[in-house]
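*Asks:* As a plain string of letters, each chain reads:
There are 2 protein chains.
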Amino acid sequence: MKCSVYIATSADGYIATPDGGIEWLHSAGNQEADMGTEDMGFQAYMNSVDCMIMGRKCMEMIASFNLTAEQWPYGDMPIIVLSNTIKTPPENLKGKVEMYSGDINELIAKLASDGYKSAYIDGGATITAFINLNLIDEMTITQAPILLGEGLPLFGKIKPAVQLDNAKSIVFANDFTQVKYNVRYR
Amino acid sequence: MKCSVYIATSADGYIATPDGGIEWLHSAGNQEADMGTEDMGFQAYMNSVDCMIMGRKCMEMIASFNLTAEQWPYGDMPIIVLSNTIKTPPENLKGKVEMYSGDINELIAKLASDGYKSAYIDGGATITAFINLNLIDEMTITQAPILLGEGLPLFGKIKPAVQLDNAKSIVFANDFTQVKYNVRYR
Numbered sequence: 001m002k003c004s005v006y007i008a009t010s011a012d013g014y015i016a017t018p019d020g021g022i023e024w025l026h027s028a029g030n031q032e033a034d035m036g037t038e039d040m041g042f043q044a045y046m047n048s049v050d051c052m053i054m055g056r057k058c059m060e061m062i063a064s065f066n067l068t069a070e071q072w073p074y075g076d077m078p079i080i081v082l083s084n085t086i087k088t089p090p091e092n093l094k095g096k097v098e099m100y101s102g103d104i105n106e107l108i109a110k111l112a113s114d115g116y117k118s119a120y121i122d123g124g125a126t127i128t129a130f131i132n133l134n135l136i137d138e139m140t141i142t143q144a145p146i147l148l149g150e151g152l153p154l155f156g157k158i159k160p161a162v163q164l165d166n167a168k169s170i171v172f173a174n175d176f177t178q179v180k181y182n183v184r185y186r
Numbered sequence: 001m002k003c004s005v006y007i008a009t010s011a012d013g014y015i016a017t018p019d020g021g022i023e024w025l026h027s028a029g030n031q032e033a034d035m036g037t038e039d040m041g042f043q044a045y046m047n048s049v050d051c052m053i054m055g056r057k058c059m060e061m062i063a064s065f066n067l068t069a070e071q072w073p074y075g076d077m078p079i080i081v082l083s084n085t086i087k088t089p090p091e092n093l094k095g096k097v098e099m100y101s102g103d104i105n106e107l108i109a110k111l112a113s114d115g116y117k118s119a120y121i122d123g124g125a126t127i128t129a130f131i132n133l134n135l136i137d138e139m140t141i142t143q144a145p146i147l148l149g150e151g152l153p154l155f156g157k158i159k160p161a162v163q164l165d166n167a168k169s170i171v172f173a174n175d176f177t178q179v180k181y182n183v184r185y186r
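Here the protein sequences come in this chain order: V and C. Per our numbering, the first sequence runs over residues 1 to 186. Per our numbering, the second sequence runs over residues 1 to 186.
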């Protein structure tokens with residue numbers, strides 16, 4: 001099964017401030033820019049995946065947004081949340097996510113045997129874990145034009161180093177940039 | 001005086017491995033790619049600056065290369081090395097660099113009064129210090145297509161957060177990407 005990443009960071013590689021905040025993501029960049037219908041590839045990416053796997057922190061951030069049904073960005077896509085500590089999701093995500101605490105390779109095998117073909121992997125710790133299991137095939141990283149200076153990094157410790165190829169790069173009118181890579185494990 | 005940055009990082013934002021190594025920079029990316037005369041903008045950048053300020057670690061890395069006169073990439077541009085611990089440069093850099101241990105704003109004022117107009121600021125700690133003094137005007141960051149997983153980060157702690165604008169983005173045939181920003185302090 002294909003596993004891919006679509007995530008935003010600051011220009012210094014953080015996905016959140018030290019307290020988990022992502023308000024900067026919405027205030028960064030040129031707010032006056034005419035983005036037209038430009039969504040920085042989000043909907044096209046969503047159309048390319050059929051399930052989602054995220055970490056607990058990522059889920060808790062989404063829960064904190066208290067999204068209405070109209071705001072919910074993930075449609076009716078199955079969402080699996082990895083956690084060894086929490087067994088039930090927050091009240092406002094009940095019925096929307098499923099908790100999982102087992103082996104990641106087994107989860108991927110199960111999803112593949114259930115017919116899923118392309119997973120959206122979200123959250124820094126989860127993405128790092130998947131890379132260390134050689135599971136991420138493709139990454140789209142959108143960089144907001146801001147140096148946060150400190151925060152939660154997208155990538156944790158990865159070992160050994162991982163080569164990327166087939167680089168693509170784009171800059172948007174709001175000064176956000178985006179790179180897309182394939183990931184090659186050797 | 002304009003201060004700018006031209007530096008390479010891994011895709012996860014490191015300028016060197018934990019032990020200071022940068023061999024990965026030369027082995028990363030598509031080695032078969034036809035780069036022609038493409039130097040990823042280095043010479044054009046060099047033509048835009050008239051002096052260089054770097055940190056001690058950066059100097060020590062350059063010293064470790066034991067460059068011949070033909071390999072020396074900085075021409076006869078004056079190079080000032082910031083260090084509070086070292087008073088004389090390594091033997092193989094004598095006559096090529098000048099040590100400085102004082103106040104950075106005073107150094108910039110002195111260089112400006114000496115007629116210098118555009119400084120190349122190099123080294124992670126030095127770049128971070130200059131940003132925190134609101135001195136960096138422009139940054140060109142070339143990202144090698146590799147996740148090092150650990151190492152020396154380009155950016156240290158920056159406070160408060162710094163907005164970037166006028167983003168430009170380019171991808172090279174060897175899968176290196178490059179972003180260029182202006183820096184705005186508020």
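Possibly wrong hints are sitting among the right ones.
Which copy? The list can't say, so a pair holds if one copy fits it or any two copies do.
[As the list claims (entries may be wrong)] Using 27 Å as the maximum straight-line C-alpha spacing, the simulated DSSO-like pairs for lysine-lysine come out as follows:
#1 57 / 159
#2 96 / 157
#3 157 / 57
#4 2 / 117
Calculated directly from the structure, the hints in this document are not laboratory data. These numbers were taken from a predicted model, which means no experiment stands behind them.
*Asks:* Next step is simple, just say for each hint if it's right about the structure.
*Replies:* Results for each hint:
Within a single copy, residue 57 and residue 159 get their C-alpha atoms as close as 23 Å, and across copies as close as 25 Å, so both meet the 27 Å cut-off. Proximity of residue 96 to residue 157 under the C-alpha cut-off of 27 Å is found in neither arrangement, the shortest distances being 30 Å within a copy and 37 Å between copies. Taking the shortest Cα distances, residue 157 and residue 57 sit within 27 Å of each other both inside one copy (18 Å) and across copies (23 Å). In this homomeric assembly, residue 2 and residue 117 come within 27 Å of each other (Cα to Cα) only inside a single copy, at 6 Å, whereas the closest approach across copies is 51 Å.
Violation of the numbered hints given earlier is confined to hint 2; every other hint is satisfied by the structure.
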